Amino acid sequence: MSDKKTGVYICSGCGLGEAFDVAALEKTVGDEFNAALCKSSGFLCEEAGVNEIKGDIRNEGLDAVMIAACSTRVNYDVFDFGEKILVERVDLREKVAWCQDEGSEDTLDMAKDYLRMGAAKLKEIELTVPFVQDVSDTILVIGGGVAGMTSALGAGAAGHNVLLVEKSDRLGGFMRGMKKTLPRNAPYINLEENSIEQLTEEVKADRKISVHLNSIIKSIVGAPGMFDVTIENGATSVVRAGAVVVATGFRPYEKEKLTDFGSDLPDVVTSVEFEGMAASGKIVRPSNGEPVGSALFVQCAGSRDKKHLPYCSSICCSVSLKQALYLREEYPDSSATIVYKDIRTPGKMELFYKQAQLDPGIFLVKGEIDNVTRDGDNLQVHVNDSLLGPAVSLKADLVVLATGMVSSTYDASVTIDKPEDQMTDDDRAKSGKASILNLQYRKGPELPHLKEEFAFPDSHFICFPYETQRTGIYAAGSARSPQGIADSIDDALGATVKAIQSVKLVGAGKAVSPRAGDTSYPDFFLQRCTQCKRCTVECPFGTLDEDKKGTPKPNPTRCRRCGICMGACPERIISFANYSINMISSMIKAIEAPDEFSGKLRVLMFVCENDAMPAIEMAGLNRLKYDAQVRIIPLRCLGSTNIVWIADALAAGFDGVIMLGCKHGDDYQCHFVKGSELAETRMSKVQETLDRLMLESERILVESISINEAHKVPEIIDGFMENLSDMEPNPYKGF
Amino acid sequence: MSGSLLVIGGGIAGMTSALEAAECGLKVHLVEKDFSLGGRVLRMNRYFPKLCPPACGVEINYRRLRSNPDVEVLTNSEVVSISGVRGEFSVVVETSPRYVNARCTACGDCEKVCPVKGKDPHNYGLSEITAIRAPHKMAMPMRYAIDMDVCEGESCGKCVTACKYGAVDFAMKPVRTTLVVGSVIYATGWKPYDAGKIENLGYGKIANVVTNVEMERLAAPDGPNGGAIMDKPVKKVAFVQCAGSRDENHLPYCSSVCCMASLKQATYVRERYPDSEVYIFYIDLRASGKYQLFQDKLMGDSNVHFIKGKVAKVEDGEHGQAVVVAEDILGGEKIRVAVDLVVLATGMEPVTTRDERLPDRDEYGFISANQGRNGIHSVGVAKSPVDVTTTIRDATGSVVKALCL
Chain W
3 MSDKKTGVYI CSGCGLGEAF DVAALEKTVG DEFNAALCKS SGFLCEEAGV
53 NEIKGDIRNE GLDAVMIAAC STRVNYDVFD FGEKILVERV DLREKVAWCQ
103 DEGSEDTLDM AKDYLRMGAA KLKEIELTVP FVQDVSDTIL VIGGGVAGMT
153 SALGAGAAGH NVLLVEKSDR LGGFMRGMKK TLPRNAPYIN LEENSIEQLT
203 EEVKADRKIS VHLNSIIKSI VGAPGMFDVT IENGATSVVR AGAVVVATGF
253 RPYEKEKLTD FGSDLPDVVT SVEFEGMAAS GKIVRPSNGE PVGSALFVQC
303 AGSRDKKHLP YCSSICCSVS LKQALYLREE YPDSSATIVY KDIRTPGKME
353 LFYKQAQLDP GIFLVKGEID NVTRDGDNLQ VHVNDSLLGP AVSLKADLVV
403 LATGMVSSTY DASVTIDKPE DQMTDDDRAK SGKASILNLQ YRKGPELPHL
453 KEEFAFPDSH FICFPYETQR TGIYAAGSAR SPQGIADSID DALGATVKAI
503 QSVKLVGAGK AVSPRAGDTS YPDFFLQRCT QCKRCTVECP FGTLDEDKKG
553 TPKPNPTRCR RCGICMGACP ERIISFANYS INMISSMIKA IEAPDEFSGK
603 LRVLMFVCEN DAMPAIEMAG LNRLKYDAQV RIIPLRCLGS TNIVWIADAL
653 AAGFDGVIML GCKHGDDYQC HFVKGSELAE TRMSKVQETL DRLMLESERI
703 LVESISINEA HKVPEIIDGF MENLSDMEPN PYKGF
Chain A
874 MSGSLLVIGG GIAGMTSALE AAECGLKVHL VEKDFSLGGR VLRMNRYFPK
924 LCPPACGVEI NYRRLRSNPD VEVLTNSEVV SISGVRGEFS VVVETSPRYV
974 NARCTACGDC EKVCPVKGKD PHNYGLSEIT AIRAPHKMAM PMRYAIDMDV
1024 CEGESCGKCV TACKYGAVDF AMKPVRTTLV VGSVIYATGW KPYDAGKIEN
1074 LGYGKIANVV TNVEMERLAA PDGPNGGAIM DKPVKKVAFV QCAGSRDENH
1124 LPYCSSVCCM ASLKQATYVR ERYPDSEVYI FYIDLRASGK YQLFQDKLMG
1174 DSNVHFIKGK VAKVEDGEHG QAVVVAEDIL GGEKIRVAVD LVVLATGMEP
1224 VTTRDERLPD RDEYGFISAN QGRNGIHSVG VAKSPVDVTT TIRDATGSVV
1274 KALCL
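Chains W and A, in that order, give the protein sequences. With the numbering used here, the residue at position 45 of the first sequence is 47, and numbering never jumps. With the numbering used here, the residue at position 399 of the second sequence is 1272, and numbering never jumps.
Please note that the accuracy of each hint is not assured.
Subject to a maximum C-alpha distance of 25 Å in a straight line, what follows is the list of computed DSS-like cross-link-like pairs (lysine-lysine) [stated by the list, open to error]:
1) Lys356/W - Lys985/A
2) Lys1163/A - Lys257/W
3) Lys591/W - Lys7/W
In short, the hints are calculated from the structure, not lab data. A quick note: this is a predicted structure, and the numbers were derived from the prediction, not measured.
Whenever a hint applies, use it, and build me the whole structure from the sequences.
Shown next as structure tokens:
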């Protein structure tokens, strides 16, 4: 605190004064800290208490304040003294008084250590100064179908210039070829007129939107707010955009692969082909141009099928019902039979389904298709597992295969010639990705897909459906996940809002989700960089590019401020103004380790602030007690753990380290994708080193916890302490 | 006032709209009728298909709110009236007294002395809680409140004496505030369909028949029995799909989430009790899109039995069990299955609000989607029965309309 004028305020309310001797804490502050003043109060969050702090700031010229009281879950807005004052909340309530024995020496020691850690932190951090650059607020929308046009109109109406890039020679996409669309308006039972022409006219008339037909994106260089986009349509032009919406749509699953469903027979068509016939005005049998007396609609043709698409395309059931109605309208004597696994008409679409069922010419058969054969002029469809019996054979003039949706971002021909277990993350970033964005990023040119069985650039997060691993780039519509028109419209608007938000936030030097508004950013002291590339490889967001020598190029507007790069760097050259290697190291060194004769162990705990820290706070709120020898340091993400901290802890005499973060694996809960997993990998290397130093590797525990598992906090801590008590104290204690 | 927005409802939809708008630079008023933000999702144990706790995403949103001065949160408040036009609505909001003022530190001393208990709405009435309380441990704001339906009133006054900080104030009165905003988003959410109306399924009459929302609490580690589901090991559980849904006598529409919710809840049972058996009675299994992969995983579990057929009734069985009577359509026979617990997959009904002048509702009570041009928007289940991620997508996208003023 040497260079900052700091006021320390200790609250003794809410049981704190009973849990430990506040006067003793004040003495610690007086003896050890170079604080400008130290005061205690029985009710610090009271208006009078807060006003006193404000008065001190004014009269004493304080530039930093330490509030040693409750956690930020309570009174989060009370201790705000403006942008110029550094505030450090030291949680002595949930993290000490409410989880420790009242009045014991250990509880007092714990409270003292948290004050020391707070002081050490305040000494090392600075106010953040946002990294502000001149940004473009133009939105690039790729794809001119219903999603892309909706996005363009939304962004235009919100005042942004829009570049709308469409690879074909006209706007409208898939929807242009539709005869009618599914009900979107009450009473939700009637097909609606196709409104694509109207939408197209609106786009053409919108002066904010510049439409580029017959165009593709040759490359995107730069970062959010400053994307230099090369558009190619014969000639090339370079334009600047601030954010990108990917609305490139879907393509139907390949008919040729569906020979089990008779796709090689002339009177077997896909739902897309059938729609085309209906829209062009005449539904006929392709083999002979004759009217259709009976049609059989095969649901899930190549969907929900491990040999084809394992997922459901969500809209095909409704589309087949719609198409059955087309047929019935054109040929009143015809019959339409729908063979299905489950009819999936969720929500209000159920009302449309019910309406269609009233039609006496529409028949629904649960079953699975065995095969489709030709029988003279007719087709024979063999159905298994039917409600009509073990196996039945149905006759039809025409078979319509309801084929599923494949994301336009997927390209099976892009393969990496390596066995799966040898593929690197970089290989996976390229494998199966269609050329759409052509980002000039170290981490690959396209948006990552959610998973192999679902090759869509969908978000991994239920709560944050637009979370992508590439800042400022948002996918929408059927490119992002299989969906119909109504959903694509909503989705396009969602992606548009995120794109607009991204240019606004990065323009102000702020982070986007999940640390939205954070004005800190990583600073690289490149003179000491050894070009080891660990930061560029480990950043999950493709933030860092490399020059030829391997020196990282920071691109701060791509950054999410998780600090994974800081954790990765062996030279410790990456830091944030308010979060750094030195800050945590100083906090570790500020903690008093009991000497080897005390019989007490000391354990350091690194805790992810996203889920694990709230769980610990809630353990406090629930008055759950745990061992008094742990000292907790919150981290932005467990992935920001630099192994030097472990060395610092062991050198400082700590007997063990617990790392508590989010769940990883396929259904990871880490908000920074790989943070907790990377931490575990790094720690396994540390554990090997410990073994070499003849120290037990069990001294380091990496655990995951969910936010609602407060009850596990004592289990984890006390269990670890028990294991540790079987070991000798850290032999490096006192060195 | 074109740069400002009113969001009605502080559940996941409303919080999302408010935050996405504020992070685009709008000034937002977020009005919630309960004592805390968070809404229905905080009462759920896990989300499908990741089986992750909803509190995780809510906490991120809380953090965004804490650090964003552009969202003004009004809890315990309802919109009384909206007048004016797009671009300049005048909104009257009434904040009911919580009888605990801003001096509250959430220390809990009041709760220890409160002599009366009522049903805890956070646990759907499955447990009891004191009249003065924090709404739940994840509450925001983390401040106590008094449930006046339960409280004995000022004459008791034990909490007033116990509070060292003078935070309990029985003299608090309702306060009306007038806001002027450019546009309005209804994010008023849903309530579970009243299972008592489905007479043949025995809810409220037969022991151990619960609804799917109650099942979320029974399986939650912070729920009424620590996540053990029942007070004894559970051997057999039946899930009754479309309980009151897709049914002209109840809700004619499909609520779109119940199939996945039951599949998810089947994992609660199977995970906690490895020898348990689960029976799912369904009409169609609606695991759309990528959710199919979740369904496939469950279908690989030989202890989970899928029976296509609508449940005819639930009856009392022997030894405290309940008997599910259904037609097994694929097996072509009527079957009876005795189980320890029956979970009714009840659907979602839209919540109606005090101010009924502006939103145009369809016959089911959903606020129509296509009134965007008049500056009034609806998102999430206020508009249509959808799942959480679709709600959030919708709540995000609707902000564009507020940005267009």
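For each hint, the structure was consulted:
Of the pairs offered as hints, the one joining Lys356/W and Lys985/A is violated, with about 55 Å between alpha carbons and a cut-off of 25 Å exceeded. Our distance criterion of 25 Å between C-alpha atoms is met by Lys1163/A and Lys257/W, whose separation comes to about 21 Å. Under the criterion of a C-alpha separation no larger than 25 Å, the hint pairing Lys591/W with Lys7/W is consistent with the structure, at around 22 Å.
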